[in-house]
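Visitor: I would like the entire structure built from these sequences, with the hints used as guidance.
Chains as they are written, first to last, in my numbering: chain A, 1 to 346; chain B, 1 to 432.
Derived from the structure by calculation, the hints contain no laboratory data. Be a bit skeptical, because a hint or two may be false.
Here are the computed distance ranges between Cβ atoms for each label pair [unchecked claim]: (1) Phe286/A <-> Lys71/B: 41 to 51 angstroms; (2) Arg143/B <-> Ile148/A: 20 to 30 angstroms; (3) Leu132/A <-> Val412/B: 37 to 47 angstroms; (4) Phe286/A <-> Lys28/B: 25 to 35 angstroms; (5) Thr413/B <-> Asp150/A: 55 to 65 angstroms; (6) Phe286/A <-> Lys317/B: 30 to 40 angstroms; (7) Thr225/B <-> Ile140/A: 17 to 27 angstroms; (8) Leu305/A <-> Met41/B: 26 to 36 angstroms.
C-beta: ideal position from N, C-alpha, C; glycine also.
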Amino acid sequence: MGLLGFYLRRLFTIFKGEVLVLPSRIVVLIFFLSLLLLPIVTQDPYLLRILILTNIFAILAASWDLLSGFTGQMNFGHALFFGVGAYTTALLNLHAHIPSWGSIPLGALAAVLAGLIVGIPSLRLKHTYLALTTLAFPIILLGIVFAIPDVTGGEMGLSGLSRLSRSRVIDYYVTTILMLGLCTIMWKITDSNTGIIFHAIREDEVAVRTGGINTTRYKLLAFCLSGFFAGISGGLYAHFMRIAGPSTLEVSMSFQVVIWAVFGGIVTIYGPVGAVFLLVPLLEFFRFWPEVRTLMFAVVILLILLYMPQGLLPWIRDKVEKECPRCKIRNIATRNTCRICAAPLD
Amino acid sequence: MKKTRILLSVVLAAFLVMTIGVPAYGAKTIKIGVIGPMNFMQGKGHWNGAVMAAEEINAQGGIQVGSKKMKIELIKADSNEFLSITDATNAMERAITYDKVDFLVGGFRTEAVLAMQDIAMDYKKIFIGCGAAHPTLCIRVARDYKRYKYFFRGTPFNSMFLVKTCFAHLGFVGKELKTQLNIPKLKVAIVGEKQVWVEPMIGVAKTTIPKLGMELVGVWRPSQTATDVTAELSAVQRSGAHIVFTIFSSSVGITFARQAGELKVPAVMVGINVEAQKDGFWKATQGMGNYAMTMNTYARGVEVNELTKPFIEKYIKLFGEVPTYTADTYSAIAITLKKAIEKAGTLDADKLIPVMETMEVMVPSGRVKYIKDAKGRKLHDLAWGPGYLTSLGVQWQDGELKAVWPNGWQGVTYKGVVPYKIAPWIVEKYKK
Chain A
1 MGLLGFYLRR LFTIFKGEVL VLPSRIVVLI FFLSLLLLPI VTQDPYLLRI LILTNIFAIL
61 AASWDLLSGF TGQMNFGHAL FFGVGAYTTA LLNLHAHIPS WGSIPLGALA AVLAGLIVGI
121 PSLRLKHTYL ALTTLAFPII LLGIVFAIPD VTGGEMGLSG LSRLSRSRVI DYYVTTILML
181 GLCTIMWKIT DSNTGIIFHA IREDEVAVRT GGINTTRYKL LAFCLSGFFA GISGGLYAHF
241 MRIAGPSTLE VSMSFQVVIW AVFGGIVTIY GPVGAVFLLV PLLEFFRFWP EVRTLMFAVV
301 ILLILLYMPQ GLLPWIRDKV EKECPRCKIR NIATRNTCRI CAAPLD
Chain B
1 MKKTRILLSV VLAAFLVMTI GVPAYGAKTI KIGVIGPMNF MQGKGHWNGA VMAAEEINAQ
61 GGIQVGSKKM KIELIKADSN EFLSITDATN AMERAITYDK VDFLVGGFRT EAVLAMQDIA
121 MDYKKIFIGC GAAHPTLCIR VARDYKRYKY FFRGTPFNSM FLVKTCFAHL GFVGKELKTQ
181 LNIPKLKVAI VGEKQVWVEP MIGVAKTTIP KLGMELVGVW RPSQTATDVT AELSAVQRSG
241 AHIVFTIFSS SVGITFARQA GELKVPAVMV GINVEAQKDG FWKATQGMGN YAMTMNTYAR
301 GVEVNELTKP FIEKYIKLFG EVPTYTADTY SAIAITLKKA IEKAGTLDAD KLIPVMETME
361 VMVPSGRVKY IKDAKGRKLH DLAWGPGYLT SLGVQWQDGE LKAVWPNGWQ GVTYKGVVPY
421 KIAPWIVEKY KK
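Guide: As structure tokens, then:
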């Protein structure tokens, strides 16, 4: 009992010193708790549906940031990973009768393979050329989908997949826990040594190579990791929607991911997640004004991109927090001195 | 300051109640969700047809449900399905759980309708599909009746019948050419846009055309958004084709018809050209689309039955254009659902289904009857052929879209159908 008390006190001390001192971390804590506790307050199927899809797209948006934001490998065909994940999951479920807990990871592995297939020819390409090359891959796959309709279902896709789970609440918890877990993993990856190398590749690849680091291997790793997470979101989408069709590979899907990430703020992981949690429900909210729904949505995105070019979430974060010029630790904006080194904050 | 805060709180609370709170609709109406891509022509057709049906029913005091009359309340659900399947399914779930609709009509893109169908079935809501033609939607009913019995096809008849209709048109036009121009062996060129739905039609056409006693001289596949098809037209002309079997759903239908008219290509056009079904076709082709023929559901002046003309004229009066087939939400609501509800005396879906399955109703485009498959399983698919739905063949004749078929086909004769016209330059070239 005493030991438990000791650990609880220690946990509270960590919380007090690391989480409760910064508004951004408090927001993340509230975000985690609200998502996990929401079904206690309401089990409205429509609301849960929106949040389930939001969770799925949040994983997808964060996976784009992991690749394009952190390594600078501008991927304009991210729908490829999503579509490969969705189609593989659907095929395994329909033909091999593998349930969702098996078909989704296998779909993600197929997306890893797709990551390798895209990554290898893209290694020597940069900027516009890379963006255009990656854009071509989902279009090529879409061509293959239409070429073998007996396997892929052609224009109407593969339908009749088994449900993700038996109830909407379980679907919600599966996607929420996966989203929170996978996005935390992605965030930890970017915070690790591997993440630092990803950063460095984006900033100056030649300098990284002269430092003796095999950038090819790291760039392929980024493609595979991004493909894995996007593949999981594709598999979740297929089982939740019970359909995997050409829409998962469309160019609009690839651009949507880029919009989410840029809107929320790239090179953050939390930015794209936050953006999806704002934009997907917002688009639904605008259904109250059906005639101008898409127009209003476009205006919101344009305004944010115009006035907050770094993205919405980094902009808000910079308003409520300051970085210490000496030790680089973040502090709440109301402080005059750094909470760690007591250096004056401007 | 305090007053401002109170005022702000009241405004915010009112806003929340208005937008997030319970829907402020009365419980004494029959709520019908109209789901479709509302920013596109197809969705506008869905909505216009439903509005016309609701106005008509409400003007009569509503639908008789048992001992009371209930008015219709329409709920517009923008599926945005051309751009996002996710959006379509969200719209469906919202209409059912938030707006609490009793019935649903609409849907267009097959991939989206399949996903939306599953949601409607989860909630056991009758969903009358008014747009997608794929047979799978109804095959699902036969395979898993218990789950999918709430789905019925409203319009169009399934794509297998669409193909049969096209070949009936081809046979009809071939006969006209033979009779009027005395051509012994007709040559046919297939021109289909580069889209996946065209593939099976070309496959069937390759085997069917020789069976009709005609010679296939080639297949051309321009892009669906091509702005210049002179190369294809020159090739068609060189092939000596008398008939061009068109399979177009996109803007290339305008380009092809316009340039064929400009070049006076000596071949008649028949088949599917969705652009030629619209009122704007004449202007878009600058009159060069004269004599183009396509399959269509409605044409001004033609009477498939006594309901057709009043429906078309009223629709034109209300919306300023000839109805497209998605406007058959009108028939789904004002005729099929109304009659079923009045007969069953209830809104209970499980009690309405047996009534809908067995009833035969006359609608402006023909007669609706739900058929069974070869194994005798209930399909909830539409009957096609003489006495039921046939659609029409329509031809542009000097600025007007006229019905030219199917008079005489398997004994079917419709009032208002005019003779088929062959372009003068074709008559000049072939008449001996």
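Visitor: Hint by hint, work out which the structure violates, then give me just those numbers in ascending order.
Guide: 1, 3, 5
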